[in-house]
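S.K.: If you want the building blocks of each chain, they are given just below.
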Amino acid sequence: MVIYSFYIFDRHTECIYSKSWLPPSADGSAPPQSSGAAGSIADRRSTRQAGDDAKLIFGTVFSLRNMVRKLGGDDDAFISYRTGQYKLHFYETASNLRMVLLTDTAAPSMRNVLHQIYINLWVEYVVKNPLSPVEHKGGVGVKNELFELGLDQFVRGLM
Amino acid sequence: MTIFTLIIINKAGGLVYNKAFHDAGLNKISTNDYLVLAGTFHGVHAITTRLNPAKNVPDRATITATPAAPAGILTRPEPPSGLEVLETENFRLQCFNTMTGTKFLLFTDTTQTNVDVTMRRVYEMYSDYVMKNPFYQLEMPIRCDIFDRKLLSHIREINNR
Chain A
1 MVIYSFYIFD RHTECIYSKS WLPPSADGSA PPQSSGAAGS IADRRSTRQA GDDAKLIFGT
61 VFSLRNMVRK LGGDDDAFIS YRTGQYKLHF YETASNLRMV LLTDTAAPSM RNVLHQIYIN
121 LWVEYVVKNP LSPVEHKGGV GVKNELFELG LDQFVRGLM
Chain B
1 MTIFTLIIIN KAGGLVYNKA FHDAGLNKIS TNDYLVLAGT FHGVHAITTR LNPAKNVPDR
61 ATITATPAAP AGILTRPEPP SGLEVLETEN FRLQCFNTMT GTKFLLFTDT TQTNVDVTMR
121 RVYEMYSDYV MKNPFYQLEM PIRCDIFDRK LLSHIREINN R
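As you go down the protein sequences, you meet chains A and B in turn. UniProt numbering puts the first residue of the first sequence at 1, with every later residue one more than the last. UniProt numbering puts the first residue of the second sequence at 1, with every later residue one more than the last.
In short, the hints are calculated from the structure, not lab data. Since this is a predicted model, take the numbers as computed values, not measurements. By construction, the Cβ of each residue, glycine as well, lies at the ideal position given by its N, Cα and C atoms. Hints may be right or wrong, so weigh each one.
Here are the in silico distance ranges between beta carbons for each label pair [what the hints assert, rightly or not]:
hint	chain 1	residue 1	chain 2	residue 2	range
1	A	Thr13	B	Thr31	27 to 35 Å
2	A	Leu149	B	Leu74	38 to 46 Å
3	A	Met159	B	Ile47	21 to 29 Å
Between the sequences and the hints, there should be enough to build the whole structure, so can you do that?
M.R.: This is the structure we're talking about:
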């Protein structure tokens with residue numbers, strides 16, 4: 001199983017955390033050792049693309065969630081979708097925090113994994129952090145060392 | 001094992017056919033809502049095609065130099081496909097996108113198996129009874145009696161199995 005990337009969106013629809021586990025060559029950006037202006041342009045392109053991707057992912061997930069709720073009732077929850085190339089897993093908490101995980105198509109249901117990330121990492125290291133604000137505007141308070149390290153270890157353990 | 005609903009969306013994102021085969025399962029929504037749903041799904045499907053995390057920039061080098069290809073033969077990778085299966089707690093949605101961009105959406109319950117086979121059968125019926133109908137206008141809502149009847153009898157057989 002390969003895990004491509006992970007996103008967290010807050011209740012104001014803002015992407016407050018994103019992480020990619022793709023090797024630098026595979027996601028289309030230039031390798032980091034390339035020097036000079038070309039490298040910086042490629043970097044800029046890849047960061048812009050990452051931001052655009054987050055917006056596209058949020059739009060997709062938001063539309064699908066509303067569609068699912070309309071058809072399946074208010075208690076229904078959108079779990080995942082699969083295309084020929086990848087699979088997207090979705091988990092929403094009661095406080096409208098939305099977590100998205102992109103994996104390869106062979107991955108089993110990752111709902112419990114996202115739930116574990118919420119319980120063991122988000123609640124422990126972000127919510128219980130006394131220095132972290134209530135609203136994570138621009139990702140403030142999310143990118144702390146314990147959360148990032150815990151997430152990276154957890155996801156690498158799954159692969 | 002139940003098939004709830006079939007929706008057919010034309011290549012412009014318009015709803016051309018919708019039919020519910022089972023009363024329970026999915027909420028009843030108005031035809032207007034079905035039209036909105038079809039348009040929304042059409043857009044989302046296009047986005048999901050673009051969101052391929054494995055290769056964001058398909059440049060010429062990766063197209064021509066596929067390692068598995070025999071020498072001298074240029075192959076191009078499969079074009080990215082959009083959403084194929086969507087799973088929720090209460091139902092499962094299978095989408096089949098034809099070469100011409102018509103989308104077939106089958107809503108089933110979560111335990112339904114062999115939806116691919118059903119989908120293929122539905123597509124065959126569409127080709128036989130809709131596309132071969134001389135009075136059918138392309139991209140317009142499907143009103144073909146024989147398509148309705150054949151579809152209903154086929155799905156009823158599956159639902160009663």
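S.K.: Next step is simple, just say for each hint if it's right about the structure.
M.R.: Going down the list of hints, with the structure as the test:
| no. | hint | result |
| --- | --- | --- |
| 1 | A:Thr13 / B:Thr31: 27 to 35 Å | 30 Å, holds |
| 2 | A:Leu149 / B:Leu74: 38 to 46 Å | 45 Å, holds |
| 3 | A:Met159 / B:Ile47: 21 to 29 Å | 26 Å, holds |
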